[in-house]
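Peer 1: Be aware that the sequence shown starts at 1, since it is given in UniProt numbering, and climbs by one per residue.
No wet-lab data here; the hints were simulated from the structure. Just so you know, not all the hints are guaranteed correct.
[As the list claims (entries may be wrong)] With a straight-line cut-off of 27 Å between C-alpha atoms, the simulated DSS-like cross-links for lysine-lysine are: (1) K31 <-> K211; (2) K113 <-> K211; (3) K319 <-> K66; (4) K365 <-> K346; (5) K137 <-> K155; (6) K66 <-> K113; (7) K363 <-> K393; (8) K393 <-> K365; (9) K113 <-> K319; (10) K312 <-> K219; (11) K79 <-> K276; (12) K113 <-> K365.
Quantities reported herein were computed from a predicted structural model and do not represent experimental measurements.
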Amino acid sequence: MAIKDWFKSKNKKPEVNREIATTGDGQDITKGYVNALAQPEDGVLRLRGGGDLSIYEQVLSDEEVKRTFTQRQDALIAKEWIVEPASEEPQDIAAADFIRDWVNSIGFDRVTKLMHFGVFYGYAVAELIYRINEEGKYIADIKVRNRRRFRFTPKGELRLLTRDNQTEGIECPAPYFWTFCTGSDHDDEPYGIGLAHWLYWSSLFKRNGVKFWLIFLEKFGMPTALGRYSKNASPTDQDKLLEAIYSIQSDSGIIVPADMPIELLSAGRSGTADYKALFDTMNESIQRIVLGQTSSSGGTPGRLGNDELQEKVLESIIKADSDVICESFNQGPVTWLTQMNFATAKPPRVYRIFEEMEDLTDKAKRDQIVFETTGYRPTLAQIEANYGGEWEKAEVESDNHPAPEKTSKAKKTADFAEHQHHHSDIPAQMTDLLGENLQPVVSDWIKQVRELVNNATSLEQVRDELLTLMPEMSLEQYTNALAIALGAAHLAGQNAVIDEVKDEHRV
Numbered sequence: 001m002a003i004k005d006w007f008k009s010k011n012k013k014p015e016v017n018r019e020i021a022t023t024g025d026g027q028d029i030t031k032g033y034v035n036a037l038a039q040p041e042d043g044v045l046r047l048r049g050g051g052d053l054s055i056y057e058q059v060l061s062d063e064e065v066k067r068t069f070t071q072r073q074d075a076l077i078a079k080e081w082i083v084e085p086a087s088e089e090p091q092d093i094a095a096a097d098f099i100r101d102w103v104n105s106i107g108f109d110r111v112t113k114l115m116h117f118g119v120f121y122g123y124a125v126a127e128l129i130y131r132i133n134e135e136g137k138y139i140a141d142i143k144v145r146n147r148r149r150f151r152f153t154p155k156g157e158l159r160l161l162t163r164d165n166q167t168e169g170i171e172c173p174a175p176y177f178w179t180f181c182t183g184s185d186h187d188d189e190p191y192g193i194g195l196a197h198w199l200y201w202s203s204l205f206k207r208n209g210v211k212f213w214l215i216f217l218e219k220f221g222m223p224t225a226l227g228r229y230s231k232n233a234s235p236t237d238q239d240k241l242l243e244a245i246y247s248i249q250s251d252s253g254i255i256v257p258a259d260m261p262i263e264l265l266s267a268g269r270s271g272t273a274d275y276k277a278l279f280d281t282m283n284e285s286i287q288r289i290v291l292g293q294t295s296s297s298g299g300t301p302g303r304l305g306n307d308e309l310q311e312k313v314l315e316s317i318i319k320a321d322s323d324v325i326c327e328s329f330n331q332g333p334v335t336w337l338t339q340m341n342f343a344t345a346k347p348p349r350v351y352r353i354f355e356e357m358e359d360l361t362d363k364a365k366r367d368q369i370v371f372e373t374t375g376y377r378p379t380l381a382q383i384e385a386n387y388g389g390e391w392e393k394a395e396v397e398s399d400n401h402p403a404p405e406k407t408s409k410a411k412k413t414a415d416f417a418e419h420q421h422h423h424s425d426i427p428a429q430m431t432d433l434l435g436e437n438l439q440p441v442v443s444d445w446i447k448q449v450r451e452l453v454n455n456a457t458s459l460e461q462v463r464d465e466l467l468t469l470m471p472e473m474s475l476e477q478y479t480n481a482l483a484i485a486l487g488a489a490h491l492a493g494q495n496a497v498i499d500e501v502k503d504e505h506r507v
């Protein structure tokens, strides 16, 4: 039925659960003969490995593959996880508390790291072993199984291969097995396509390159012994000469007939750089496939913003890994246990936190700048939310209740108290006035420098533009304010001397 005819028909409701482009009944033209178990679409795995993932286990044995993938795993499990209830309803909060305790008890980081190998191989399988806790609720232990033991049917159903049944496998029902796949560009491939598919050739070329490199070093790293025998030498004499040549590598001294000289041939060329270039190129290829860039071991140090860019690339990759694993975990074990133990509750959401906590010192400086520039300050509720803890207003000293004096030296006679208070306030008042007069000038300078740094792309550009900007910063207003302040300070000093003389005469 055409879409236009469907709209003209009386029944405009779609058929529920109708699937047309199925894969398990032989309608998929991209697959060959449909057996009881589906074959992976990964060409490398199918053609070079015969469908056995052991070929990709050899890839993981490469030291650069192992290092970079472990770095990716460690960066993932370093992120803290959190359980968020589906709503504020009491049953949803109770379900979230239960799942939080359960996730904490099973070692979620361990489970995540083992299931993360599904990103490398294409899919991962875990088994749930259920039991009842002291509260009478169902909980489960999670054991991540070797994915080589499992296959999928053309319909995507999981099967366990055994010694007695390797053609069809044993059924693995949903509540007892949790699996996910990744890397494929469609949903018709239950095996997925892991990173090992793209790492295979880089590791293979690197391994073969090292093999030929060792052969090269053996041939050209030391001189080659050359023995010459006469044309009348018998086979026995030739064998003795060959034994003498072999003994050069192990013995400190040998003897040969005078008419059979032995020479050492030195290497005629040096080609180690060619093998090293291949080795480094394959390592960089592995780093780009696993980490998205070569920053961790081959990045350019010291470049402005380069470190931040490298962290963002790795952050986005591990966040994608976390989303795939946590989404599958929420749809599988979290949902199953919630439905088993809470009839009306909605499943909570388990995920890892990737937003970095803001530095409290920077936040306090920002609040101070906002208050000084706009006059607005945060409320008590916002202060408690940002900085935590409980806050109360500080007591302010008033004129009726002055603060107690700390030292006896600060306590003077009543006759001189007013004069001393007057003299001590003058420098403070002048300092505050000088600060107010210089604030616009300094603020303008800081603004220009901040704009320069924000627009710069390298430290060298900051240095060059700062040298250009410095002569343009006017000192006239700054000089005038300092001149007035120095003149006022001079007059205040003279006035203080006169007051002291008057006080002495008064005594």
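Peer 1: Compare the structure with each hint and give your call.
Peer 2: Status of each hint after checking the structure:
1. Proximity of K31 to K211 is assessed by CA-CA distance (about 38 Å); at most 27 Å being required, the pair is judged violated.
2. Restraint check: the Cα-Cα separation between K113 and K211 comes to about 33 Å, which exceeds 27 Å; the hinted pair is violated.
3. Annotation: proposed proximity of K319 to K66 holds, straight-line Cα distance about 20 Å (limit 27 Å).
4. Between K365 and K346, the direct Cα distance comes to roughly 42 Å. Violation of the 27 Å bound is thereby established for this hinted pair.
5. This hinted pair does not check out: K137 and K155 have alpha carbons roughly 33 Å apart, beyond 27 Å.
6. A distance of roughly 14 Å separates the Cα atoms of K66 and K113; the hinted pair therefore holds under the 27 Å criterion.
7. Proposed proximity of K363 and K393 is supported: the alpha carbons are some 20 Å apart, at most 27 Å.
8. Taken as a hint, the K393 and K365 pair is honoured in the structure, with Cα atoms around 20 Å apart against an allowance of 27 Å.
9. Restraint check for K113 and K319: the C-alpha separation of about 14 Å stays at or below 27 Å, so the hint holds.
10. This hinted pair does not check out: K312 and K219 have alpha carbons roughly 46 Å apart, beyond 27 Å.
11. Using a Cα cut-off of 27 Å, the hinted pair K79 and K276 is violated, with the two alpha carbons roughly 37 Å apart.
12. For the given pair, K113 sits about 39 Å from K365 by alpha-carbon distance, which is inconsistent with the 27 Å threshold.
Checked against the numbered hints above, the structure violates hints 1, 2, 4, 5, 10, 11, 12; every other hint is satisfied.
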